[in-house]
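Chemist: Okay, here's what each chain looks like letter by letter:
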Amino acid sequence: MIEVLAPGVFTTIQDGGRHGYGHLGVPAAGAADPFNMRVANRLVGNPDGYATLEMTGAGATLRFDTDAHIALAGGMLDAQLDGQPVPAYQTLTAKRGTLLACGRIVAGWRSYLAVAGGIGVPPVLGSRSTDTLSGLGPDAVIAGAVLPIGASAMTGEGAYLRSPPQYGTLTRLRILAGPHQDWFAPASLLTLRESTFRISPQSDRTGVRLEGTALERVRAGELPSMGMVTGAMQVPPSGQAILLLGNHGATGGYPVIANVIGADVHLLAQLGPGAQVRFSDVSLAEALEALSRQEARLQQDIVTADASLLAARALMTLAAGHASLRQAAVTEGRRRIRIRK
Amino acid sequence: MNLRPMGEGAVLVEVEDCTEAHALRRALLDAPLPGMRELIPGQASLLIVADPLLLDLNTVAARLPAVARDSPVPGRLHEFSVVYDGEDLGLVARQLGMATQELVRRHTAPLYEVAFLGFVPGFPYLTGLDPALHLPRRSRPRTRVPAGSVALADGYTGIYPQATPGGWHILGRCAARLFDALRVQPALLMPGDRVRFTPGS
Chain H
139 MIEVLAPGVF
149 TTIQDGGRHG
159 YGHLGVPAAG
169 AADPFNMRVA
179 NRLVGNPDGY
189 ATLEMTGAGA
199 TLRFDTDAHI
209 ALAGGMLDAQ
219 LDGQPVPAYQ
229 TLTAKRGTLL
239 ACGRIVAGWR
249 SYLAVAGGIG
259 VPPVLGSRST
269 DTLSGLGPDA
279 VIAGAVLPIG
289 ASAMTGEGAY
299 LRSPPQYGTL
309 TRLRILAGPH
319 QDWFAPASLL
329 TLRESTFRIS
339 PQSDRTGVRL
349 EGTALERVRA
359 GELPSMGMVT
369 GAMQVPPSGQ
379 AILLLGNHGA
389 TGGYPVIANV
399 IGADVHLLAQ
409 LGPGAQVRFS
419 DVSLAEALEA
429 LSRQEARLQQ
439 DIVTADASLL
449 AARALMTLAA
459 GHASLRQAAV
469 TEGRRRIRIR
479 K
Chain W
581 MNLRPMGEGA
591 VLVEVEDCTE
601 AHALRRALLD
611 APLPGMRELI
621 PGQASLLIVA
631 DPLLLDLNTV
641 AARLPAVARD
651 SPVPGRLHEF
661 SVVYDGEDLG
671 LVARQLGMAT
681 QELVRRHTAP
691 LYEVAFLGFV
701 PGFPYLTGLD
711 PALHLPRRSR
721 PRTRVPAGSV
731 ALADGYTGIY
741 PQATPGGWHI
751 LGRCAARLFD
761 ALRVQPALLM
771 PGDRVRFTPG
781 S
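Order-wise, the sequence lines are chains H and W.
Quick note: the first sequence uses the numbering used here, first residue 139, plus one each step.
Quick note: the second sequence uses the numbering used here, first residue 581, plus one each step.
It is worth saying that the hints were derived from the structure and are not from the lab.
In this text the structure is predicted, and so the values were computed from the model without any measurement.
Wrong hints could be hidden among the right ones.
Unchecked claim - Derived Cβ-Cβ restraints for the label pairs, each shown as a range:
| hint | chain 1 | residue 1 | chain 2 | residue 2 | range |
| --- | --- | --- | --- | --- | --- |
| 1 | W | Ala743 | H | Asp444 | 52 to 58 Å |
| 2 | H | Ala289 | W | Gly747 | 17 to 23 Å |
| 3 | W | Thr778 | H | Thr204 | 53 to 59 Å |
| 4 | W | Arg656 | H | Arg357 | 35 to 41 Å |
| 5 | W | Gly615 | H | Ala458 | 35 to 41 Å |
| 6 | H | Gly158 | W | Gly677 | 31 to 37 Å |
| 7 | H | Gly359 | W | Arg656 | 45 to 51 Å |
| 8 | W | Thr723 | H | Ser301 | 45 to 51 Å |
| 9 | H | Pro339 | W | Leu633 | 52 to 58 Å |
| 10 | W | Leu633 | H | Asp444 | 54 to 60 Å |
Claimed, not checked - Looking from chain W toward chain H, a few residues come up when the C-beta cut is under 8 Å (computed):
| hint | residue |
| --- | --- |
| 11 | Glu588 |
| 12 | Gly615 |
| 13 | Tyr664 |
| 14 | Met678 |
Claimed, not checked - Coverage of chain W stretches by chain H, computed from C-beta distances (three or more under 8 Å per stretch; other residues unrestricted):
| hint | stretch |
| --- | --- |
| 15 | 589-597 |
| 16 | 690-698 |
| 17 | 707-718 |
| 18 | 724-732 |
C-beta: ideal position from N, C-alpha, C; glycine also.
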């Protein structure tokens with residue numbers, strides 16, 4: 139079992155989601171960043187859809203009352219295992235009694251902790267995910283919670299992810315034209331592709347909200363309610379778009395100006411408040427190619443390794459991480475100075 | 581019928597009304613498209629969600645007209661006994677310029693159709709509301725509408741499956757348990773089902 143000493147800012151249990159019930163109005167929920175949830179699971183020998191902890195904005199502090207193989211993936215953390223810094227994107231071993239302090243998320247916005255065997259809470263409609271919109275599934279994780287661990291089928295010592303993703307403060311998302319382009323002024327279709335937008339603090343697991351030049355509608359009235367998908371860029375009358383994440387409502391009534399491609403949903407889910415985003419068009423063929431590449435990466439870039447190789451990789455990653463952290467601090471400092479001017 | 585892609589993994593099929601969407605949905609459930617994952621009806625659409633690597637717009641376009649010609653099969657009929665003592669009953673009657681008895685009579689007269697489910701799990705958007713009862717939402721939504729509330733807004737009537745914030749006008753309440761995640765069929769009402777309200781006490 140895992141004892142939660144502190145949940146961080148907002149931590150929930152998330153797996154592959156509650157699929158197949160959209161026609162009943164049930165949100166899929168599941169990991170906002172399915173790519174990193176799957177990476178974390180694979181690093182501990184779990185099937186893709188096992189339940190993980192999704193930590194938002196900051197990491198949880200946890201104690202393991204059993205030996206466990208664990209892995210972190212997603213937004214960059216300054217995590218420590220019994221006071222020793224540990225890297226993401228590789229298998230770690232937590233001995234019984236070990237304290238894992240996941241620390242702050244210093245780049246990106248959501249990090250995933252997988253444990254071999256998965257978080258073993260009871261499933262609801264086939265999923266262990268916390269549905270933050272409708273309340274299905276387990277409650278958000280609170281201090282004092284005790285999380286059961288399922289039976290592990292992990293063999294070997296572990297694995298790591300080759301060339302892990304890095305999340306910055308300016309992200310470019312690739313889009314496909316949406317179904318309701320005719321609802322928008324041509325100038326706004328251009329604005330969408332030429333402006334930089336900021337992520338609003340109002341964002342949550344249902345959607346990432348943008349702040350910036352308003353996208354102007356040329357049609358009044360309401361769109362008949364229709365089924366929605368993750369990545370859809372809905373534009374309410376305010377003109378400030380909402381990019382849907384996995385916990386979006388099954389249906390919605392705002393016109394969809396564009397859709398973020400599936401391969402970039404992990405980038406979308408890593409956009410925290412204040413981060414900046416730009417959009418660029420791709421073809422359907424390019425979107426499918428990117429998705430295939432991402433799937434192939436899950437097969438090819440997770441490399442099994444023994445304990446000594448993992449230890450060496452940890453040292454290298456942490457050294458590189460310190461350098462990039464210093465760089466991030468310098469960039470952030472410059473940004474603040476600019477703002478003050 | 582009009583097809584509009586929604587990203588690489590979904591196609592929005594725009595149709596005349598929800599009845600056509602339900603006929604299309606049933607036909608596609610009987611003869612699934614390759615990689616089909618979800619079929620989500622909307623007010624005048626059906627969203628087909630599929631494995632992006634298997635979804636092909638041309639295949640969908642070629643298959644759809646054939647299934648749409650199938651005659652619609654009406655859904656199951658449900659009767660709900662409603663206690664018409666809702667917080668907004670008097671106000672709604674005054675706004676519509678009719679007596680509360682007249683409001684109740686007009687609300688219990690139609691045979692409604694479940695257009696689609698949304699907002700919260702199992703919440704039915706029922707079409708067939710008497711045009712004389714069309715009202716926009718409340719200007720100030722309530723922070724809590726109790727489970728079982730029978731309400732109307734935006735040309736629909738519906739039943740709240742769980743206590744949630746809500747902006748519809750509450751006419752009454754019924755005892756039906758509309759959604760229970762532990763049931764084999766979690767939602768009592770399915771898209772295309774028919775609903776009749778009867779005055780109860």
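Chemist: Given W:Met678 was flagged as interface, is its beta-carbon under 8 Å from a beta-carbon of chain H?
Modeler: Constraint on W:Met678 not satisfied, violated at 26 Å.
Chemist: Note whether the CB distance of W:Leu633 and H:Asp444 lies within 54 to 60 Å or breaks it.
Modeler: violated, 35 Å
Chemist: Okay, H:Gly359 versus W:Arg656 on CB: inside 45 to 51 Å?
Modeler: With a Cβ separation near 33 Å, H:Gly359 and W:Arg656 fall outside 45 to 51 Å, so the hint is violated.
Chemist: Given as covered by chain H, does the stretch 690-698 of chain W meet the bar of three residues or more with CB within less than 8 Å?
Modeler: With 3 residues closer than 8 Å to chain H, the stretch 690-698 of chain W meets the three-residue bar; holds.
Chemist: When you take the CB atoms of W:Ala743 and H:Asp444, is the distance between them in 52 to 58 Å?
Modeler: Check passed, 54 Å falls within 52 to 58 Å.
Chemist: Should the interface hint for W:Gly615 be scored as holding, given a Cβ-Cβ cut-off of 8 Å against chain H?
Modeler: Violated, about 13 Å.
Chemist: Min Cβ distance, W:Glu588 to chain H: is it shorter than 8 Å?
Modeler: This hint holds: W:Glu588 lies near chain H, its Cβ roughly 5 Å from the closest one there, short of 8 Å.
Chemist: Determine whether the Cβ-Cβ distance between W:Thr723 and H:Ser301 falls within the hinted range of 45 to 51 Å.
Modeler: holds, 48 Å
Chemist: A range of 35 to 41 Å was offered for this pair. Does it hold for the Cβ distance of W:Gly615 and H:Ala458?
Modeler: holds, 40 Å
Chemist: Taking the Cβ atom of H:Pro339 and the Cβ atom of W:Leu633, is their distance within the range 52 to 58 Å?
Modeler: Hint violated: Cβ distance 36 Å, outside 52 to 58 Å.
Chemist: In terms of beta carbon proximity below 8 Å, does the stretch 589-597 of chain W have 3 or more residues touching chain H?
Modeler: holds (count 3)
Chemist: Tell me if chain H covers the stretch 707-718 of chain W under the three-residue, 8 Å CB rule, please?
Modeler: With 0 residues close enough to chain H, the hint is violated.
Hint compliance for this structure: hints 2, 6, 7, 9, 10, 12, 13, 14, 17, 18 are not met, and every other hint is.
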